[in-house]
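The whole structure should be built from the sequences, with the hints applied where relevant.
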Amino acid sequence: MSEKKKIKEDIIKQIDVSVKNGLDEYAFLEKFEEKLKRYLEGRLK
Amino acid sequence: MKATLKIENIGQKLGPQTLSFNSGVVTLIQGRTAAGKSRIIKSFALALSYPIKSEVLIEEGINFGILKGGEAEYLPLVNSSKEIANIELLYDDVNRKVELFRDGKIEINTPGNQKFLYSSMLVKNSRIHNYITRGNADFKWIVDEMSLAKDYEKILASIDYQIKDLKSKEEEIDQKKELIEKKDKEKKEKESEQKRLLIKLKEKDDEIGNYKFDPKIIKEENKISKELDNVRKALKEELDTRNNYEKEIGAFKKKVDVDKLIEEIKNKQKEKEKEANNLKETKVEDLQKEIIKIQDSKSKEEQEKVKYETRKQLWEMVKIEEGNKCPLCLSVGKITKEDKKLKIDEYNKYIKEHQLKVKELAVQINKKQDEINKKAKLPEIEKEISKITNQLKHIIDESEESKLKITQISLKIKSSGPRIKSYNEDIGKCEKNLAAIQLKKQEDVKYQKLKNEKSKIDQSIGSIKEQLDKIEKTINDAKSIEAYEVKINDLDIAKNIIEELLDILNETRNHLDKKITEQRVGAAKKFNSSTENLIRELKFDTFKEIYLDLNDYRLKIIGNNDDTQELSSVSGGEKAIISSLLQISAKETYLSEVPFLIGDEIILDLDSERSEIFLNYLKKIAKEKDWFIILTQINNEDLTITEL
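Chain order of the listed sequences is E and S. According to this note's numbering, the first sequence is numbered sequentially starting from 4. According to this note's numbering, the second sequence is numbered sequentially starting from 147.
Hints were generated in silico from the structure; no laboratory data involved. Every residue gets a Cβ at the ideal spot worked out from N, C-alpha and C, and that includes glycine. Careful: at least some of the hints might be erroneous.
Claimed, not checked - Some, not all, of what chain S presents toward chain E, calculated at C-beta under 8 Å:
hint : residue
1    : Leu294
2    : Lys300
3    : Ala629
4    : Glu653
5    : His657
Stated by the list, open to error - As a list, the in silico BS3-like pairs of lysine-lysine whose alpha-carbon atoms are at most 25 Å apart:
hint : chain 1 : residue 1 : chain 2 : residue 2
6    : S       : Lys296    : E       : Lys16
7    : S       : Lys521    : S       : Lys533
8    : S       : Lys322    : S       : Lys616
9    : S       : Lys453    : S       : Lys498
10   : E       : Lys16     : S       : Lys310
11   : S       : Lys586    : S       : Lys602
12   : S       : Lys199    : E       : Lys34
13   : E       : Lys9      : S       : Lys310
14   : S       : Lys313    : E       : Lys8
15   : S       : Lys529    : S       : Lys429
16   : E       : Lys34     : S       : Lys296
17   : S       : Lys458    : S       : Lys505
18   : S       : Lys300    : E       : Lys23
19   : S       : Lys286    : E       : Lys23
20   : S       : Lys362    : E       : Lys11
21   : S       : Lys418    : S       : Lys514
22   : S       : Lys426    : S       : Lys533
23   : S       : Lys505    : S       : Lys453
24   : E       : Lys38     : S       : Lys685
25   : E       : Lys9      : S       : Lys313
26   : S       : Lys671    : E       : Lys23
27   : E       : Lys9      : E       : Lys23
28   : E       : Lys8      : S       : Lys616
29   : E       : Lys48     : S       : Lys514
30   : S       : Lys765    : S       : Lys685
Stated by the list, open to error - Coverage of chain E stretches by chain S, computed from C-beta distances (three or more under 8 Å per stretch; other residues unrestricted):
hint : segment
31   : 6-12
32   : 23-34
33   : 37-48
See the structure below:
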């Protein structure tokens with residue numbers, strides 16, 4: 004599976020789990036941005 | 147199931163109050179205005195809904211009088227003469243304790259469910275009732291509040307923000323690329339100008355280099371330059387010689403500084419001389435005589451030793467039991483075993499003493515022999531002494547000679563001082579004269595003009611260089627972009643990655659859209675299904691259908707003649723019916739697990755036929771679901787609580 008597809012699925016899974024467990028908006032956004040940042044760093048390697 | 151509500155200092159009533167309720171029935175609280183009806187239902191509402199975090203629900207709580215509004219001075223539920231009030235609600239295995247402070251602070255031991263305020267309060271202040279009364283058919287809020295759509299929407303808003311931010315990064319990249327292209331063009335132009343100026347500068351330099359000054363000046367300059375070269379050469383030679391002298395002095399100084407060495411050699415010499423004197427003191431003949439004498443003594447001692455050894459052997463052979471004869475004199479006497487032992491011990495002692503003496507004398511003989519041997523080495527020692535003496539003499543002579551040399555060289559160094567000074571003075575003069583000639587050259591107008599032209603070209607080159615540096619910096623600054631705190635140094639790569647991120651975010655967005663619709667539609671369908679059942683159950687003839695449209699979540703009312711009715715056009719009584727229908731439906735749909743439904747006089751204020759239908763339905767679901775359904779009604783009597 005490509006990295007892009009992997010991160011898409013990962014984000015969608017993270018959204019559904021966060022909402023189901025009672026959304027903590029701040030914590031969610033922090034993790035979400037971290038994921039995008041890591042993807043970007045991975046692409047630059 | 148029983149429920150006990152204990153309240154203290156709530157509303158106008160001071161002190162504690164305990165009320166009991168049964169599930170499975172509808173309980174009616176009646177009383178005149180300010181008798182305490184609303185105090186009871188507000189206590190239920192707070193205990194079952196707190197903590198309230200949603201902004202719209204906080205507003206709902208303020209309107210209902212259970213939370214302190216922003217401008218209010220005190221929490222309205224707390225008695226005005228008290229600082230603290232308490233609510234305790236016990237039912238099933240739930241024991242919920244609420245502490246209310248006058249300043250608005252509320253503490254609860256076990257959290258309730260804030261949705262209770264929307265779903266389980268059939269009161270005139272409820273949001274559903276307000277919407278219906280005002281003819282507002284937009285019920286999107288209820289599907290949002292009663293599903294997870296609101297949380298998904300919050301995430302969607304964040305994703306939209308990220309998408310907006312990344313799109314602006316894309317625009318920034320395009321702008322930067324455009325700028326780089328423009329600046330690259332400018333750079334090329336400036337570089338070409340710089341190249342042209344550098345050629346011009348070289349030409350000017352050649353012109354200056356080949357400039358023909360007045361021949362007299364040049365002749366004078368050449369003369370002084372030659373003179374200066376000669377003096378510099380002479381000075382260099384003088385300084386080299388002086389350096390060599392100083393090196394020589396350094397070498398001689400090492401030969402002068404030999405005091406320690408001389409002392410060491412002298413000590414060695416003394417030792418050898420002492421050794422030689424000692425050897426000279428005694429003669430070989432005397433030593434040989436002494437040896438013969440000691441050898442005689444040694445022979446005597448050996449003989450004595452042998453004598454006692456023989457005697458010892460004889461005594462050892464004596465056998466006590468055969469008789470008592472002395473083994474030496476053969477006289478007969480009384481010889482015991484002890485006598486034999488004593489004699490042998492005595493001879494052993496003598497033998498040992500003589501043996502020791504023999505050894506001592508042998509040592510003496512060896513010593514004397516050594517002395518004789520050493521005497522043979524005397525010439526060798528004397529030769530060594532002579533060698534040391536010569537070495538000492540050589541070192542002392544060399545030291546003296548070196549001192550003399552140092553003095554001589556020092557004089558030479560001293561004599562070079564005035565010459566060096568003179569050379570330096572000559573160089574100073576020559577340089578001064580050359581400077582004067584240079585000044586004369588500078589005063590040459592044509593030459594001056596060439597120099598000025600060159601200076602202008604230099605300035606232009608400098609200016610272009612500065613401009614090029616600026617352009618270069620602008621290009622370098624524009625070559626990178628930052629996203630998610632990561633610096634990307636290649637704009638094309640950055641654009642590709644940003645496009646990929648946008649793709650990820652757009653797909654995430656699609657998922658969220660889908661989820662939001664799913665949640666809303668799901669919540670609306672449940673609500674519609676419940677409302678449909680309720681209408682069928684209540685057998686109302688006023689409306690055929692009341693439902694939320696799944697496209698816009700607006701309330702649709704279909705009359706008995708299949709005609710669509712606008713909410714704003716229905717009568718007040720009909721609105722009260724719709725409001726009650728929706729509220730009961732909302733309770734059954736969204737919060738059926740909390741066994742409380744609280745209502746004021748909305749239902750009881752309906753016409754007697756409708757009121758009865760509703761009451762019968764409420765009694766039925768109270769029994770079926772084992773709920774506590776508590777209604778209030780105003781009359782002119784004191785507060786009473788009865789089960790219907």
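If you draw a straight line from the CA of Lys322/S to the CA of Lys616/S, is it 25 Å or shorter? With Cα atoms ~16 Å apart, Lys322/S and Lys616/S stay inside 25 Å; holds.
Quickly compare the C-alpha distance for Lys426/S and Lys533/S to 25 Å and report which way the hint goes. holds, 20 Å
With the threshold set at 25 Å, check whether the alpha-carbon distance from Lys313/S to Lys8/E stays at or below it. holds, 21 Å
Take the C-alpha atoms of Lys296/S and Lys16/E, compute the straight-line distance between them, and say whether it is at most 25 Å. The given pair, whose Cα atoms are some 18 Å apart, holds under the 25 Å limit.
Has the given pair, Lys199/S with Lys34/E, been kept, meaning a C-alpha gap of at most 25 Å? Cα-Cα ~23 Å, so holds.
Pair hint outcome, Lys458/S versus Lys505/S [Cα-Cα no greater than 25 Å]: holds, 21 Å
Within a Cα-Cα threshold of 25 Å, do Lys418/S and Lys514/S meet the stated pairing? Cα-Cα ~21 Å, so holds.
Sort out whether Lys23/E lies within 25 Å of Lys300/S, counting only the CA atoms. Answer holds: Lys300/S to Lys23/E is near 14 Å, not above 25 Å.
Do at least three Cβ atoms from the segment 37-48 of chain E come closer than 8 Å to Cβ atoms of chain S? holds (count 7)
Need the status of pair Lys362/S, Lys11/E: alpha-carbon distance at most 25 Å? violated, 90 Å
Report holds or violated for the interface hint on Leu294/S, using the least CB-CB distance to chain E and a cut-off of 8 Å. The hint holds - Leu294/S has a Cβ within 8 Å of chain E, the shortest such distance being about 5 Å.
Outcome, coverage of the segment 23-34 of chain E by chain S - at least 3 residues whose beta-carbon is closer than 8 Å to one in that chain: holds (count 5)
In terms of the numbered hints stated before, the structure departs from hints 20, 24, 28, 29, listed from lowest to highest.
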